[in-house]
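Sequence order for the protein chains is V, X and L. The first sequence begins at 1 in the working numbering and counts up one residue at a time. The second sequence begins at 488 in the working numbering and counts up one residue at a time. The third sequence begins at 843 in the working numbering and counts up one residue at a time.
Be careful, since some hints might not be right.
Unchecked claim - Straight-line C-alpha distance at most 30 Å; calculated DSSO-like pairs for lysine-lysine:
hint, chain 1, residue 1, chain 2, residue 2
1, X, LYS730, V, LYS354
2, L, LYS1162, L, LYS953
3, V, LYS311, X, LYS727
4, X, LYS727, L, LYS953
5, X, LYS727, V, LYS354
6, X, LYS501, L, LYS953
7, X, LYS656, L, LYS1095
8, V, LYS311, X, LYS656
9, X, LYS497, L, LYS851
Simulated from the structure, these hints should not be mistaken for lab results.
If you want the building blocks of each chain, they are given just below.
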Amino acid sequence: MQIELDGICKAFGSVQANSNISLTVESGTIHGLLGENGAGKTTLMKVLTGYISCDSGSIYLDGRLVKVGSPAVATRLGIGMLHQDPLDVPRLSVLQNFCLGSPGFLRLYRRQSRQKLLDLCQRFGFELDPDELVRNLTMGERQQLELLRLLNMGVRTIILDEPTTGISEPQRVLLFKTLHKLADDGLSIIFVSHKLKEVQELCSEVTVLRQGQVSGRIRAPFTSDALVEMMFGQCLARNQRSQVQFGAPLLRLEDAAIRSYRLDVAPFSLVVRAGEVIGLAGLEGSGQRLFMEACAGIRSLSAGHLVLGNKELSSAPYAAFRRAGVSYVPAARLEEGLIPGMTLCEHFALAYQKQGILVDWESAEVLTRTRIGDYGIVGHPDTCVEELSGGNQQRALLSLLPDELSLLLLEHPTRGLDIDSSARIWARLLERRNQGSAIIFTSTDLDELVDYADRILVFSGGIISEPVSSSEVTCEQLGYMIGGSRA
Amino acid sequence: MSSEPRFGLKLWYKVSPVLLPVFLALAFASVLLLGADANPLEAFGSIVSGAFGGVNNITDVAMSMVPLMLCSAGMLITFAAGLWNIGIEGQIIAGAIGATFVVQTFPDITSPALFITLVLLGGVVGGVFWGLLLGLIRAYGGVNEIFAGLGLNYVGQAITNYLILGPWKRAEGATMSGTEPFPEAARMSTLGDTRASLLAIILAVVAIVAVYYLLRNTRWGLRLKAIGLNDEAARRLGIKDRKSLLMAFMVAGIMAGLAGAVQVTAVRYRLIPGVSGGIGYLSQLVVLLSGLRAEIVPLVVAFFAAVQVGSPRLELRLGLDASLGGVLQASVVFFFVIVRGIRQRLAERRLARGQ
Amino acid sequence: MVNDALWVKTLASVIAAGSPLVFAGIGEMLNEKAGITNLSLDGSILLSAMAGFVAAYASGSVLWGFAAAMAVGSIIALIVASSSIALKQDQVAVGFVLTLLCTDLSTFLGKSYVSIPGPSVPHLTIPVLAELPVIGPMFFDQNIVVYASFILVLAAWFWINHTRQGLNLRAIGERPESAFARGLPVNRMRYIYTAIGGALVGCAGAAYSLSVKLGWSQGHTAGFGWVALAIVIFGGWRPVRVALGAYLFGALKSLGSILQPVYPNIPSQVFQAAPFALMVVALLVVSASNPDKLGRYLPTGLRRALAHIMDASGPSGLGKRFEQD
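Using the sequences and the hints given, assemble the complete structure.
So this is what it looks like as structure tokens:
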């Protein structure tokens, strides 16, 4: 089925997520959709699958104008999407998930469905036990199940959103083989990704998005150079920065490994010295968050050692990490960092006043006013945090950090902030660095990584690269590494 | 000229969240009354005169405000921590039992000051114990506090019945009308020949002021609020949530225990079955209607108590059931929630259109 | 004849006494499976018991009584659902307020019907089957309401486990966003199931006033609504287990009246409170057991069976609003 998107525009508030995007996918081809996080890929695909309606623009299927009002309509039109976190029901069995949403009113046609499922499994070489609960499956198996379900629903177009995140290498190889097979059958496939190598391996044509716009379009064969430039643009000139003397080793990770439901982080070793800034690069969900949580003491290591200062904290509770001067600023500001319903002043009282029975509102308010000035927060002490803008929430979070810190962990410290406020935040952070705090931060902004980090670790599917010195790396090289290949 | 209606509109916007539900509740009750062939105005009039028609009526309102205020104060604490402390009813019962225990064990104390102090203390211990039990089941057993609390309420009721019919039965024989009346020294003194006890009223006022202060000015109150609003972020800030939850249940237990003690030492002068009388459930409504604001609670409590005291008049004068009072109380809160929801949705829609 | 023995008669009365709780438990289970908690049960059952009695009394027909009770239960449930879905208010708050409102409403409206004799559901002995030893009196010598409760349990079990609609129901309660992605109208289905659940809760009310606890009085069924809510949790949101919970509760209640004369030293209040205390203990056990942890070391078949038997967790999406972007 041929798909044509014409002039799609979609804005969320003041952010233009998609502006005038046009794109054609021929039937029987695998079309890559490439772009950084926040480039507008997800929004575009949500428009195509009926999750959100676009502000303007049209969608044609085989030349026919269609209106995709809901995911149900999309399925009826033959468009199916495989989400990064598959939209299945974990507490139902494989077979039940397979049946769920297929037409019919009362009867389940269990025997026929089971046969169909097994046939499809055999055809693509998947091994799925129809009676196993989905919550016991690996990410790759859940993906396979969703894929089969969509095929069983008769979709002619399949959209895959970052499908290789969290799946094993053999599963990836199998997935790619399957996709080629499906394309040969005449299905059109849209492969949304961040990884250059995979796009090169799989796609016959690629559209690159940057900041909500199409920044390039090429047919195979394409070189990594071309893709990287379209994705990241030109690197800006490097800022000069002052060299600081690093202090004693502060954080020591030895053969540390982290395990989670979705992803395992392979054993790695790292020494971070006081005053050092470490940047974590990589596609979202490649293990950075697990790394941060382990360093913050929220998640324990599955193997290896974590030594902070000279204290072994491998299996210590969160409170021990806090006492040792570790602070973690998560990306989800209103869910994990701030407390909606409480004012700025209350937050400062909560974070700073650790002794006594009473709250000293006067000093809390004085402190709040000072910090509001220092960090340029637009708000009053009695403003509730949920009323602040995103950038102001981020500044508020940073301003809440304790004064004495040995290790500061930041998730996307400047996401959603303009250049000026990012610079202000970094000025504050570097001040802390100069006082001897070590900083570890994640970012999707390569310039930010190269500008502020001393060393950069690149995460890719739970594998952590050797640290790269930021003075010896360019944005391009980083782009390659994030995409999973060496320059 | 043009600013006139806008000012009116603004005022309406400010008072309508309170007035509209009251109006709707009165309208709803009027429909019920018309259905029962009664004159709504007459009925409402008899409630008002029942509540404020004389000195005794007013002091009765004041006295029925006392336990309700105490419980609402406790409920403010648990609500701040995001808990549905329906078990407060059981905590009142436990308080009443604790207070009666003191009287039953030391019936010969002659100093009223000492006796009353001990009785109140007994109430506090009982309430705290029952609150702690619920807190443990919730914080460490992971059972929803609503069901655990309800279960404990029934258990508390059964214990009361057992005590009244068994160990604490009257000398002339066990009866469901309650235990032996308290000795004079164990009764709170009343003002003149009214039924109001100054001490009880002072207790209630102190409790609500204390809770207001506790939630507003103590670090503990602030932490509790943080847990109630976002326990994940609160934990990240290093707050021990389980301990704070336990404490919340216990403080609520203090208040409810006092309420139970007041019921037996200043109102009933003995332990009776159903001593809690639904005050705990009512306090839940009070706190919902006050929007969790301690400073509003006394107003709401006054309204509820007035309805409570005034509505038996319906039965005496018009032959209607006094439960209309309960209908009024609950429907005000019901319409309050509904009106709030509609306003929020309208505001959302306006915002969406504006963008 | 064994069927004349006291214990057989007691068992039969337990089954009969449990039937309203079966209706209420299954009804509440249905709307909780869809993701809506209707906390107003204690009030809804009272109000529908009153409405059912009054309607049956006025019309002389038990059927009208049940129809009225179902309508009342349904409307209350729909108020809870719409204030949650459309008005985005807290389900617990609305449910709780409605509990108190309906309780007082039932007292006020039912005042002139207190303690008057009214119609009741006729007894219907099923020939032949009723002669079976033990089972006969328990299951086949009852009235239609009791038979209906058996059918309801089986129907609910079949609907949830063996039909496509049942699968859809589980999906909208477990993970509404997945259900929506597959084209299911999540919120519409939630309304429908809440209405059905509410109607069954209404049935429970009428079953009390017209079958199990004949007539009407103030607070006629007070407490049973809370028990029904607890039974849903205890039953792990599964029809047969919910029904077992209802009978267990009924058995505990009647056990008191049987054991009382046998052990006169134990005060009757112990038997009164025991079901409620046991309810708390049962909930503790249910919430503390974790089948996944237990079963990790067992072979697949056994693990699955164990997980299936032990699984007592509620729908993941229970009480959470679903909004499509």
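Here is how each hint holds up against the structure:
Restraint check for X/LYS730 and V/LYS354: the C-alpha separation of about 16 Å stays at or below 30 Å, so the hint holds. A hinted pair counts as satisfied when its Cα atoms are at most 30 Å apart, and L/LYS1162 with L/LYS953 does not qualify at roughly 38 Å. Taken as a hint, the V/LYS311 and X/LYS727 pair is honoured in the structure, with Cα atoms around 23 Å apart against an allowance of 30 Å. Pair hint X/LYS727 plus L/LYS953 does not hold up; C-alpha atoms about 51 Å apart against a cutoff of 30 Å.
At most 30 Å may separate the alpha-carbon atoms for a hinted pair to count; X/LYS727 and V/LYS354 meet this at roughly 13 Å. The hinted pair formed by X/LYS501 and L/LYS953 fails the criterion: a straight-line CA distance of about 39 Å is larger than 30 Å. The straight-line distance between the Cα atoms of X/LYS656 and L/LYS1095 is roughly 25 Å, inside the 30 Å bound, and the hint therefore holds. Using a Cα cut-off of 30 Å, the hinted pair V/LYS311 and X/LYS656 is violated, with the two alpha carbons roughly 64 Å apart.
Restraint check for X/LYS497 and L/LYS851: the C-alpha separation of about 69 Å exceeds 30 Å, so the hint is violated.
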